[in-house]
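Q: Protein chains in written order, with the working numbering: chain A, 6 to 338; chain B, 6 to 338; chain C, 6 to 338; chain D, 6 to 338.
In short, the hints are calculated from the structure, not lab data. Careful: at least some of the hints might be erroneous.
Which copy is meant is left open, so a pair is good if it fits within one copy or across any two.
Heads up, simulated BS3-like pairs for lysine-lysine below, C-alpha to C-alpha not over 30 Å straight-line [what the hints assert, rightly or not]:
(1) Lys80 with Lys282
(2) Lys123 with Lys11
(3) Lys282 with Lys11
(4) Lys27 with Lys148
(5) Lys123 with Lys75
(6) Lys75 with Lys27
(7) Lys282 with Lys27
(8) Lys206 with Lys282
(9) Lys75 with Lys157
(10) Lys148 with Lys59
(11) Lys123 with Lys27
(12) Lys157 with Lys11
(13) Lys11 with Lys27
(14) Lys68 with Lys80
(15) Lys59 with Lys203
(16) Lys75 with Lys282
(17) Lys282 with Lys59
(18) Lys27 with Lys157
(19) Lys59 with Lys123
(20) Lys11 with Lys203
(21) Lys68 with Lys136
(22) Lys27 with Lys206
(23) Lys27 with Lys136
There are 4 protein chains.
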Amino acid sequence: MIAVLKSGTTPDQVQHLVAWLKNMSLDVHISEGAEVTVLGLIGDTSRVDMDLLKSLDMVETVKRVSEPFKQANRKFHPNDSIINAGDVRIGRGYFAMIAGPCSVESEEQIIEVATAVKASGANILRGGAFKPRTSPYAFQGMKGEGIQLLLKAKQATGLPIVTEIMNISTLDLFADVDIIQVGARNMQNFDLLKELGKTRKPILLKRGLANTLQELLMSAEYIMSEGNENIILCERGIRTFETYTRNTLDLSAVAALHELSHLPVVVDPSHATGKAKMVSPMACAAVAAGADGLMIEVHNNPSCALCDGAQSLTPQQFDDVCQRVNRIREAMA
Amino acid sequence: MIAVLKSGTTPDQVQHLVAWLKNMSLDVHISEGAEVTVLGLIGDTSRVDMDLLKSLDMVETVKRVSEPFKQANRKFHPNDSIINAGDVRIGRGYFAMIAGPCSVESEEQIIEVATAVKASGANILRGGAFKPRTSPYAFQGMKGEGIQLLLKAKQATGLPIVTEIMNISTLDLFADVDIIQVGARNMQNFDLLKELGKTRKPILLKRGLANTLQELLMSAEYIMSEGNENIILCERGIRTFETYTRNTLDLSAVAALHELSHLPVVVDPSHATGKAKMVSPMACAAVAAGADGLMIEVHNNPSCALCDGAQSLTPQQFDDVCQRVNRIREAMA
Amino acid sequence: MIAVLKSGTTPDQVQHLVAWLKNMSLDVHISEGAEVTVLGLIGDTSRVDMDLLKSLDMVETVKRVSEPFKQANRKFHPNDSIINAGDVRIGRGYFAMIAGPCSVESEEQIIEVATAVKASGANILRGGAFKPRTSPYAFQGMKGEGIQLLLKAKQATGLPIVTEIMNISTLDLFADVDIIQVGARNMQNFDLLKELGKTRKPILLKRGLANTLQELLMSAEYIMSEGNENIILCERGIRTFETYTRNTLDLSAVAALHELSHLPVVVDPSHATGKAKMVSPMACAAVAAGADGLMIEVHNNPSCALCDGAQSLTPQQFDDVCQRVNRIREAMA
Amino acid sequence: MIAVLKSGTTPDQVQHLVAWLKNMSLDVHISEGAEVTVLGLIGDTSRVDMDLLKSLDMVETVKRVSEPFKQANRKFHPNDSIINAGDVRIGRGYFAMIAGPCSVESEEQIIEVATAVKASGANILRGGAFKPRTSPYAFQGMKGEGIQLLLKAKQATGLPIVTEIMNISTLDLFADVDIIQVGARNMQNFDLLKELGKTRKPILLKRGLANTLQELLMSAEYIMSEGNENIILCERGIRTFETYTRNTLDLSAVAALHELSHLPVVVDPSHATGKAKMVSPMACAAVAAGADGLMIEVHNNPSCALCDGAQSLTPQQFDDVCQRVNRIREAMA
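Generate coordinates for the entire structure from the input sequences, incorporating the hints supplied.
A: Take a look at the structure:
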């Protein structure tokens, strides 16, 4: 960490600051230039409060030279991580094709969708049981019952399952769930992250709507610092001024996260765009950008002609996406 | 709620959709125009999934005519609410001057600051015990012990106290806390909101970093829908592209929230700007915009010359802010 | 266009508003519902000031049913447009591989780069002569002399050239330029757009840093409304909170613009990411998303070891990108 | 300027970089630490291309220690500037109350509004003649004729006038205009800025919709670098995710610009909020934040009952705002 002091800082002030920093077990290397004094802080700077340091009158600027995340950092873990979920591996060339309905609605529905997406090439089943909704009056999911139905679909198809947790008090219900999802709105629910860090379950951690990649990696670090290294990062669109799509899918996040971290990165084009028609081009683009997996909403509701235009794909549309994705994966091999 | 159908929608499709809507206990008023068909949905539209409706192929656009929040809505509660915290009232002309340190550090510190801010005119004491930090390696607060020290300061000064909760499992520790704060990062931690809705404690609900005012009011609605109507809204700065200030204080939120809701609105200029020098002008501006209160960081650390430039004010600086604010409040009376 | 009136609007007020709208040569279809009155405006609503209409006391909301752009609109021009630049065609399956240095620096440089990128598969040469810089003290480009050097490179290689205009008063200098670029900061320089609309030159129109797709299409419409239909849209990254990349490349813009408009869409991964290492994955992703072309910075400065890490690719790196892109294009065919 | 080099940079590379920097007439002070090497660049660093420097492989980070703007910088000009427009002074305690209609519509209209706002305390008249509109089909203003009408209103009332320029080719029409406005969308139209820098007219420079304060000051620097020091900065709202207001008024910009620059800062609450009801609280807040002036839309259209809710105030509402603003200014004196 580098701290640049303002010109006009007195030797006395510098000494004061250096003493304070050394008190935090840091080594301080002082470099006095013609115009500015630069302090190089050496040691475990992850504990230094940058905001406080920056706010000091004598400090012009503070800059981290090393990233504040360690366990998620590729520098200390050069090889891609592989995460195991049931029999499925994710990362380092192993690809996760996660598909399923937005919400679990019935046993018939979830088994039918699971069977269909498996036939097209999906290797993990998704389905929402606990649903975070902006409105308290909206459907909040089937909760524990939804998880039971997912487990039946897992039994029927052999697909490992992923579903979202909203509250650590429900953790017992996730005992047989293969991957626990942390949703975008809980990305900085630090207490939830810490508790999940005490489990050994794979965690699919979604990026928050207005969060930076560093913040996402710091949230991964929260989980890893408690001992759970099984993290799958997920880009699912960020909030921008564009209104044509629900969110804006940030595919450069895939390349950037691969530079910064060894953790696998999957992409959710369904939530990012909110439009069924855009899922296919964005799924292809995600794969071309190097994503380690996709997470795609598929419904199966032949009796409900109403839902044709929704964000979810039909099994036929999903099958088409799988084929396109495979062709691109082959071209890149 | 209004749904505009695309031109070219067949009578059969319209009938299908209307049947589906009526199935949700809504009355549907159909108006066929030369170019478009408009459906007026009457009844409890707060349960309608707008995103699903919008995503249907035949639907051009969906627009709420009434806001999706009810209990927080000024339309159904025209008078300003007053929230009681200990002996202090907030709203409808009653002003909350909340002050105190960012974190509780020691008994001596918190009592000294509390005594000083009370002397300058503060009527509520703030202090962080559970601290949400981006990094798992940063100081996470004194936790339960911090709350104990706040209670000592309350006893010493008579000031009611406000402090942040991060996890509902710690609720017991807040039994004697007067106002429970929900931080910006937990604004959409819906399970936490619901649990706080089951208490009758005043809740200070901070706006999320990238959340709209409607989303803030929907989060208030989560708490109110469980029976707790004691909500104080707090504008604390939103994330923008500007980097000179830590966040961007959105003071039009004060006027807008007063139009939309009956709940009191307080403003936190310390977190919003991250700069001690800017607290005074922004505190004055907030009051001129009609804020029902301010929340200001004040520290008391005479031995630590380092901290002079921090976001926190010294007691002397806080005293000066109080005087300026009072002059503006008088000018507006 | 649909205008929803507030409940409580008097018949007299409705009549007043309808008369005002009819005065603008619009037909108005009134539909009175139990709770709201909806006006359907039929005719040339592109002239209606939505903001004014929205701001009327009696109006709850206003919604366009048809997009405010016409000539750029796919609805009125279902087939993809093809733009001709010299012998090169862009759109409807014809792919533009635009490459060249950020700035033209010397005759030797531009000819060397042009020759190299042509050998790798580029079919259009880019190079900045007029450079929009945030600082008045930064290098502002070689201006007219730069265009002369581009023309020499065009003569040497046969590649058509694209370069940026900043001021209509320099238009004469662009007589032999094949494609005129409008930069992101001039996307809403409406007077410049109108003047370019009076030419018949192909215009490469870059999306502004914080502009929506509709705003981009309205800027295309400015050019087209003056008679010039030769527009190439360019996604070059938008401003978000992410700082790891210079901007955030919005690849869903490719799919969305293809839905909304018949104009070709090219993608500039160099400016979007600001990092040479990320150009290759983002170029591949853009192609997989359906882009009609790429615009990539390539420099050739073997004597300057300093520049190796810059946003520009070396000719060798560019050659590698071309091969990857071709493999993906083949997989998609 | 400070450049921090990556660990592992070889002495040879360092020497290479230092030679390149010295070639730009910079002194370079090298400080080698245990982990990093820091270069201090001394001299006219405003000419250094930070983006290029940052993009070098060996460079970890680059940080300006001094701002890249000079003439607009308070450090080199500690006293507040005063700008003269006709007989009116702006800055250093002199307050500009700018009012008038959005667009000039007729001689009767502009003289009536001018007379009314002068009676309430306005000292400068605003009115749009050239109107930047998102749509080419929307009303583009009365142009030259509009300026003639403004001049008649100036003659009738003695108020100096401010109106927007969109194109330097129309400069002759502005010969008798007292203040030339540069709109938000032209804030980075650098060629326009340079040309205005060659005049000596006061320029009211509006902040762009998604621009930082530093970018605003760099645009002021463009004008000043050509010799025109008569700049009035204007905060008029930035684009955020909030949709209740048209833009988000950033009042901390007032305090921040006063810290960074000696130029006066006026605030436009009309465009920022887009709602007449919010103009009064935001005008008061702007004054409490220390603004040097306000710019408020006032119309006078008694025959058009339709316009009552618009963003523009009636003369009566404006009179009320003037009184409130005066009371706050007195309280702050």
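Q: Would you list, in rising numerical order, the hints stated earlier that this structure does not obey?
A: 2, 5, 8, 9, 11, 12, 15, 18, 20, 22
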